[in-house]
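Engineer: Protein chains in written order, with this note's numbering: chain A, 13 to 336; chain B, 13 to 336.
Calculated directly from the structure, the hints in this document are not laboratory data. If a hint is listed, it holds; no wrong ones were tucked in.
Derived contacts from chain B toward chain A, CB cut-off under 7 Å, selection only:
#, residue
1, Lys33
2, Val52
3, Ser53
4, Ala54
5, Gln66
6, Leu242
7, Leu268
8, Leu269
9, Ile271
10, Arg272
Computed spacing ranges between beta-carbons, pair by pair:
#, chain 1, residue 1, chain 2, residue 2, range
11, A, Asp214, B, Gln86, 54 to 60 Å
12, B, Arg153, A, Glu88, 36 to 42 Å
13, B, Asp300, A, Lys118, 53 to 59 Å
14, B, Glu250, A, Ser322, 57 to 63 Å
15, B, Ala174, A, Gln87, 52 to 58 Å
16, B, Glu277, A, Ser322, 37 to 43 Å
17, A, Met34, B, Asn137, 54 to 60 Å
18, A, Ile93, B, Lys18, 46 to 52 Å
19, A, Met254, B, Lys18, 27 to 33 Å
20, A, Arg38, B, Lys45, 51 to 57 Å
Quick reminder that beta carbons are idealized off the backbone N, C-alpha and C, glycines included.
2 protein chains.
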Amino acid sequence: MEEIGKRKAKRVLIQLPDGLKMEGPRLATIVEKAGALAIVSADPCYGACDLAVQDAESLDVDLIVHYGHSRIVQQERVPTIYVEARAKVSVKEAVKKALPFLKDWKSIGLTTTVQHVDSLDEARNMLLKAGKSVMIGDKGRLKQAGQVTGCDYSNAKAISDAVEAFLFIGGGNFHAIGIALTTTKPTVVADPYEKRAYAVNDEVRRLLKQRWASISEAKKAKEFGALIGLKIGQKRFEEAVMIKEKLEKNGRNVTLLAIREITPEALMQFLNIDAFVNTACPRISLDDASRFRKPILTVNEVLVALDELSWEELCRRGWFENST
Amino acid sequence: MEEIGKRKAKRVLIQLPDGLKMEGPRLATIVEKAGALAIVSADPCYGACDLAVQDAESLDVDLIVHYGHSRIVQQERVPTIYVEARAKVSVKEAVKKALPFLKDWKSIGLTTTVQHVDSLDEARNMLLKAGKSVMIGDKGRLKQAGQVTGCDYSNAKAISDAVEAFLFIGGGNFHAIGIALTTTKPTVVADPYEKRAYAVNDEVRRLLKQRWASISEAKKAKEFGALIGLKIGQKRFEEAVMIKEKLEKNGRNVTLLAIREITPEALMQFLNIDAFVNTACPRISLDDASRFRKPILTVNEVLVALDELSWEELCRRGWFENST
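Isolated chain A (complex conformation):
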């Protein structure tokens, strides 16, 4: 309300990740009390890469309030406030349950998402009390020390050589899988919502097998589609053109496909395309592979399919450009 008053905003676009969208009407009422017209973005939002700048321009909005993610897109088209939602749930029980999973290792790298950064100290103290040494990466690209996002594990990578295993504090296995893929270290989740802990390394092994199978299938493909993301933080036009040229030099046909939401239904329309290259969001290739009937490779995976990069080098680089 203070910011809206200070900026004299007349029209405000509120953007929330899907898990928080139900708070939209309540937040809109607060914005309207501050004297501005509130519009809640109702399209899916999976990260700060999907900042609704285009929508804001189209709606003639003078302020975006983006909840739940910290900034990754640098833009000056529409003023934007980031409200990094913090979870109120205690991490104590989950971290306690994680300790047995970490028993074989002494030096632990500690990571979390922006929701739980305020609990990092408590988690570190519990690990120290249990006789561990603890490292928290702070490469400085993300706003918070120890923070990871769905595609940025630079804070894990930065300390990977110095630790034996990682503990990730947060809900679900999504981020922990990213840490394990990037660092190849044993990775344990302490999930404060479900109050349980588990290792993700079996899951990562399955995922790697799946990636290998997709790469093998793509080797035989003739017709490729190269996906160009339309979300502001996912657009890598030149990379798509580069991989198109590379594949065409290798005798494949490549169609550039511009896309906002990469869904099985959308890709299914292209009956004659055998395999896709995804320059937009790497998580869609990695986590949703089973939902798509055709291989969807990352750019580096295409290089492996073309024998320009070894599988070992791919594993060393990891699947997230942002983490190198």
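Once you have looked at the hints, place chain B on chain A.
Structural biologist: Quick look at chain B alone, frame taken from chain A:
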């Protein structure tokens, strides 16, 4: 290829409706032979209201080639060529099968989609031979005489008082339902793809009952969401604000929701909202009601819920503003 050469286009965005998307790679090859880089839009496209102007700007494209729909959006931001795909299928057998369904009426209004406009003469001659009088509306707003779109039945409305029934030439019951809703006249489909004919009036009666039920449910709703479409031809901002104010005067709370793809998954996120007003695409309210668990009313339907418009007047106006 000629147009690309003439305009010296360097980057071309090809947009196709979902049924034609599989032609994308072939068309891209043709565009590239003409010397331009081709990008195929892979997001869903259900009409010319969804012209990819924003995507074209974001991709720095200098020409859009839009297939399968005729122009409805007037814009000068990105040069656009419309390629009105014509179906090659013969309408003869379907029209022949439609004749028995038209036996009780003498004067017939003839309508079709842009795909079959070249077959209108043949259909008219068959009707004349069968002893009917035939009218084809030409209100001049759509490009072709007799043409209807998913939300524009002005060419049917224009002749409605002068005919006893309508014959629609085209695939599926989608457009015929629109004609019957707009004109309240008996409407028969001659489907050249399935080579069959049928009346849609039972279906329309079911749909009207469903609409009545949705309006009744919305009368009891406290929390509303007013959808503002983000597609270029679906954005009716002022209408959404108007209906928000009207509902709030009647003691309801209304949140403005900006949305590109109106899906059950997206609306489901707003747990506390009881009913939606849809200012974007009326077909989503009418045809997909059963996919959504909550009422999604058109603006005129909200006026009925608020007792500001009678059900009879709603039926007289029809559900498509473009058709009045």
